[in-house]
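Put together the whole structure using the sequences plus the hints.
Going line by line, the protein sequences match chains A and B.
All residue numbers for the first sequence refer to the numbering used here, where the first residue is 1 and numbers rise by one.
All residue numbers for the second sequence refer to the numbering used here, where the first residue is 1 and numbers rise by one.
Don't read these hints as lab results, they were simulated from the structure.
Please note: incorrect hints may appear among the correct ones.
To be verified - In silico SDA-like cross-links for lysine to any residue, where the CA-CA straight-line distance does not exceed 25 Å:
#, chain 1, residue 1, chain 2, residue 2
1, B, K476, B, S791
2, A, K298, B, S791
3, A, K298, B, E111
4, A, K341, A, P324
5, A, K147, B, R392
6, B, K476, A, L303
7, B, K496, B, S791
8, A, K341, B, Y419
9, A, K147, B, R396
10, A, K341, B, A219
11, A, K341, B, A474
12, A, K362, B, L455
Stated by the list, open to error - A short list of chain B residues far from chain A (calculated; beta carbon distances all over 10 Å):
#, residue
13, P96
14, A219
15, K240
16, L394
17, A421
18, A499
19, R597
Being a predicted model, the structure only gives us computed values, none of them experimental.
The beta-carbon is built from N, C-alpha and C at its ideal position, and this holds for glycine as well.
The lines below spell out each chain.
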Amino acid sequence: VSSAVELPVPVPAAPTFGERAEQWLLGLPGRVRALPYFAPLAVVAVTFAVNAGIAVMLWGRLGYGAFDLTIFDQAVRNYAQFHLPYVPVKGAYAGTGVDFLQLGDHFSPVNALAAPLYWIWPDVRMLLLLQAALYAAASGVVWSYAKDALGRVPAHFVGVAFGLSWGIQEATLVGYHELDWAVLVVPLALRRLQRGRPGQALAVACSLFLVKEEMGLIVAVFGLLLWLRGERRLAVIAAVAGVVWSAIAITVLVPRIGGMHNQYWSYNSLGANPKQAALHVVEHPLSTVHLLVSTSAKQDLLLWLLVVSAGACLLSPIALLAVPPLLLRMLSDTATYSEPKFHYNAPLMGILLIAGVDGVAKVMRWLDGMEEQSPGQPGELARLFLRTWLAAITAVTVIGLQYHAYDALSAAASPAQKSFRAAAKTAVAMIPKDATVEAESAIAVPLSARTRNLILAEPGKPHGSRWVVLGKASPIDWPWASGSQVEKARRWYLANGYVTRFSRDGVYVLYRTGPVPAGIDNVWGQRPQ
Amino acid sequence: MRWSASLARRLRSGATSYLAVAFGVAVLLYGTVLAGSRIYPFGSKSILMYDMGNQYSVFHAYYQQVLHGHASLLFTWRSDLGLNFLPLFAYYLASPFSLLVAFFPEQYIPEAMVLIILLKVGTGASAMACYLHRMSPHGSRRLAAGFAVPYAVSAWTVSYSFNIMWLDALYLLPLLLMAGESLLRRGRLFPLAAVAGAAALINYYMFGIMVPFLVCYLAIRYAGGDDVVRRTGAGRFTIKAGAALGVGVAIAGVLLLPTYHGLANGRTNILGQDPIPVPLPWSTQAARLFGGTFDWFQGSPNLAAGSAVLIAASLFPFLRRIRRRERVGFLALAALLMAASQNQVVYLLFHDGERPNAFPFRYGFMVAALLVMLGYRAVAELRRTEAATAGRLLFRVTVFWLGALIVVVHFERSLMTPYLAASAALGLVLGAVGIGAATGLRRVPRRVAARTTALLAVILVVDCGVAAAEESAAMKYPSRGTWNVHPTADWTAAMKSTAPPDGQFFRSDGLYVNFLNGLERSQNESLRDGNFAQNHFSSLSSGLLHDAEFDLGFTEHIYRVWAGHTGSTLLTDALLDFKYLVTTQPGLNRADTQLVRSWPSADVYENTATLPVGFLAPATMPRELNHDNPFTAQEQLFDMPGAFADPCQPVPTVTGANQDISPTGEMLYTKRQGQKKVVVTWHCHATDAQELYVWSKRMPWAGQYPGSGIFSLRLDGVNPVDYPNVYDNGIHDLGSRTDTDFTVTLTTALGQFSVPQRFVRALDVAQVNAKVAELSQHGLYDVHATDTSLSGTIDADHAGTVFLSVPAIKGWGDVKVDGKQVSPTILASAFLGIPVTAGHHTITMSFSPPGMRMGAGMSVVGLLMLFGLYKRDQRGRGHDGPRAGRLRALLERSGGPAASAAPAVPDSSSVAVTVVEPDAEPATEPAGESVAELAAELASKLAAEPASEPTAPDGTVLVAGVPLPRFVLPDETAAPVAADDSKETQA
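Right, here's the structure in full:
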């Protein structure tokens, strides 16, 4: 007889704290990924972190110039104090006085939206953080657009490709501008259109009127997109409103507020005024077309705009949104407009990438149709096309990072430049609060938060400020083109009542002890200095 | 002839139209690129870059005169004092395209050369398209054209197109490969021997560069090729291939042997002088694979054929439909070509074992060739690969190259500009998309498939066109005016006016010393202008002569590949019979000259103290010149000891430096600290009329690059000249002075330098004139010169040796005195000496390029052997009959027993079969074998296939998504076939 031997049933031991902690940690990534909106938030976070990081690094290297960061700082600072957006730095430079309004420079009341940030911390760096935040928010919108068009995983690539695109980096390298709002607004409008809300889309697009005067032309082209979607009435409204608004803003508002006519007319190769330019375009269409690609910088720019979406943007009418601002720049005589640099290209990144997404989606549908795939189930060829496109835009993003942010940040600073920075920081600390200063461009930016007003010192045009800060080895080469100009200006100041308060490593702090020298344009007038 | 009938049939059928398309597109593309670079008539630029301006254009101008009957191909008096021209023809002019210069007036020779370049490029594209299509009949003809254009307009072509004679390689390489295929597939020796012979004749140098590639190719194809390759034993195959190449070399003997003698006669090391510029950083080499990159200093190889081709070529090693041995073999060949920029031995292997002087990495076109060869085959096979696998492969390859581009951008910023990086990225992506569309769309109508194929072809062409435009934009084309203005507007007219009339003999040359790579004056201009001159520049210059010229104090290149008249003295001008001297400045300060002709910007002076081309040499004339000092050499030559007197005080005055004597006995100057410049002044006195010279052979940078602007030399403190410099490094003529004090001043900023003692010399003019008159008494008269001969009469009062100012180059074997053959000797290191007895003598001599007769014999033997090979091939065709190779391979792939046992069937029993491959063109292939049986076998196999196999709308059977060929019986061949590149008739 066999007797059953009852074996003890093993009782699972309770996990120790360490084991529980380990399991929790191991499961953390999965839980994080499972969080709602994790992916878009991750894209947003990456975009913000990278662009804010670039901004912080550049700030530490005195890499921002007073034109244009100080302009916006002064405008927003005044908004924050419920004043009109005076920008003395621009007014003194333009010769219109320190009471010059930023709205007379460009009609961009949207800057007032940044004022609350100055209530928290009235520092220029808030504008840089705002800029990064706007880009980050836009990357989230682009992600959403791509998710609905191509799927979730491709959206990650598209979102990051936008957030780190070369146009965004270049804009980050020059600091906050009003156009940064367009970077967000345009994708938002396109997203509403994608969601089938044309009315909302038009409303969002019309907010571009507050960004800059020529943005109305983008709204007008937005009307074309509405037309293609069958929204004829809204399309006409958008087209008319956009054109009319831009015409009013350019010809009435900005000149009236700023007191300067034709200050941005840079189309002399077409004609002396818009009428002549239009006639020239009609009479000489070929030379006008040639003007679009007449320099290697323009060719560079066009190519780099094309590769942002690996060329796929050409397959979508959305890309037409980029045409008005691009035409205005490419036909201009101002070389800086047509280079793949500065902030001008930031709004185009979103437009072109979304156009690329749209184009890729079209091609995928076409391929599936050709291969008789059932809708919603992309075939092998369509998937291959999509993956190749994603690889391409990723590669272009990485290459763009190398040419733009990496080059700007990795440029090895010479010992002289490092010494210059240290000396500049000392010089900034020397200037008393609310003093009037004429400062070299790079040093003017950190001074902006502390000094009551700030004037950029332009070679040969002193403005009668109490303090003058000059720098020889500035990372910003405008308006001072060379060290010899600095030296020439320093001698002039010393010969006209200024004394040296600080001099080290090419940085000079000069102080005026007496009255404003005769014969110079004292922009401060009788104001206390 | 069967082949001509076949060709006519193909032309009529339009099956060869893709060749014309490839030709036209390549010509149009590169022509547009050149027009975009503002080459005349689309701008003011010309292609006369570097040696094109200095040498090739002038050689072509001379060739035009040869073709018009005004000059000889064998010999010319116009250059190098008498030049064996045949080796120059063999290297620079033997291309059949060069004949086109005959139809152009001289002033449009640069345009003729542009046309020749374009024609060579177009022919290269056409030949490559033909090869590609033959290699992969699965592919489409238009795609073959699309791949061929990037090969023909590759980075190598754009960067080196000014080396016009190399461009023949563009079409010779595909022709060689096709001939090799004929040997591989059909065992025919005749095509390979014939093409090898033609290649060696057209450009032996590039043929030599291509041979290692060809050998590797044959080995790879033999070992790993597909079923159409006949394997008759490796040893036997090697012997056959070697024999074919040997016959080819023999055919070219008529040019090869004279060239060998010409090279051996040259001063340059036959294996070159320049250092081998390897190893290169891998990142640099990788960067040069992307289209558009350009290395201004030619420090890296031109490898690119656009960027899109990279994607296609990279698929090749992973396509399992191609035999592994072949894939590995071609991969190894690619690695070998890449290794040529890493390893000296491999570099030499692809350069004929020679180190090129300038313009290195001449094998670049073969990399482009390999890229398109592999790329085309890969695309052709990819469409037959399972869709998912093909897609995965294509994606991975694309990602790899995008990653490589990122790495290259990081490491090679100077080569990879932002524009190029963007265009390369776009090229890669478009290439991938194009390949994906052309190979991935498998269920679409044939018309759509054909369009996607055409799209890929367009992508390839546009991609390479953009790259070529970028490369061309980076090149610095000189002005078109350099052809007509040399160096002033009237220079050429003045030079031409000094050309001797028919039969007469005298020499003339220019005194303008700044050659500047031919931009101002070509070192070969006399070939064009017709005067008998000394200037010459080519790697085939006479070494003996140039050494002698160096010893006599003439300016010389560091490698002695060119020598000019610069450095002449009254004595050398008399010796070499320089009757006229051309200047750009009025008022020539030189003794024994008088102005005879004048233009606004050029003057011609006659030298009144010259000797005839031959004269009875003084008994003391040395056989070997003094190598140490040109003044001494000239004094010994004329038996005038001490003629070049020192007119100055022994020690010059110096400011800014310490003066010392160097260990070699020269004056050594060391600049004092804090001094900016050193001034050395010689205080001198001229007695009577004297011609003044300085010479500074051992001074720094004399005769070496860059060597300009280091010293400034003044006579009496005026008219500073840059001496010594690279174009003026021999004896320098300061002009004449008569019974006066003068100073010579040398200024430099160098820290340390040395100057020979007795730096300044004075030659007594009266003494020279007396010597010339004495020697002229026994000079050659009644001189008659033809293009290849010279004759004259001499009255010798004593037995001796007649000095002829004719270089003693090989080829003057036929020298007769009074009709009797004599053996000439060498006088003054490099000149002909003819022994004569006392009395009245007639001397005649004629030139025949050395090696030409034996070479001609070799060529005749080679041609006979070639004829034998032709007859052998004909017999072979009769015995085994051509195989239906592709058909056989198809059957084997489909699992059948193949046609191995298929008996030979006479042509008369062949069955006409039309093979129609959807989206591709089946190729013509003679079906001497029992094609009917094969067709029946295949048809039965197809019939036995499961019914589940899908069928395309047009009825094409699809296996795994791949359309199989459709066999149409003879009755069906009458029906037109829809797809334009799917027509084929197989008989």
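Verification of the hints:
1. B:K476 / B:S791: violated (47 Å)
2. A:K298 / B:S791: Status violated; Cα separation ~68 Å.
3. A:K298 / B:E111: At roughly 32 Å apart (the allowed maximum being 25 Å), E111 of chain B and K298 of chain A break the hint.
4. A:K341 / A:P324: holds (18 Å)
5. A:K147 / B:R392: holds (23 Å)
6. B:K476 / A:L303: holds (24 Å)
7. B:K496 / B:S791: holds (24 Å)
8. A:K341 / B:Y419: With a Cα-Cα distance of about 13 Å, the restraint between K341 of chain A and Y419 of chain B holds, given a limit of 25 Å.
9. A:K147 / B:R396: OK: K147 of chain A and R396 of chain B at ~24 Å, within 25 Å.
10. A:K341 / B:A219: violated (53 Å)
11. A:K341 / B:A474: holds (23 Å)
12. A:K362 / B:L455: holds (18 Å)
13. P96: holds (39 Å)
14. A219: Since the minimum Cβ distance to chain A is about 36 Å, A219 of chain B lies beyond 10 Å and the statement holds.
15. K240: holds (45 Å)
16. L394: Not fine: 7 Å to the nearest Cβ puts L394 of chain B too close to chain A.
17. A421: violated (5 Å)
18. A499: Given a closest Cβ separation of 47 Å, the condition holds.
19. R597: The claim holds: R597 of chain B sits with its nearest Cβ about 49 Å from chain A, beyond 10 Å.
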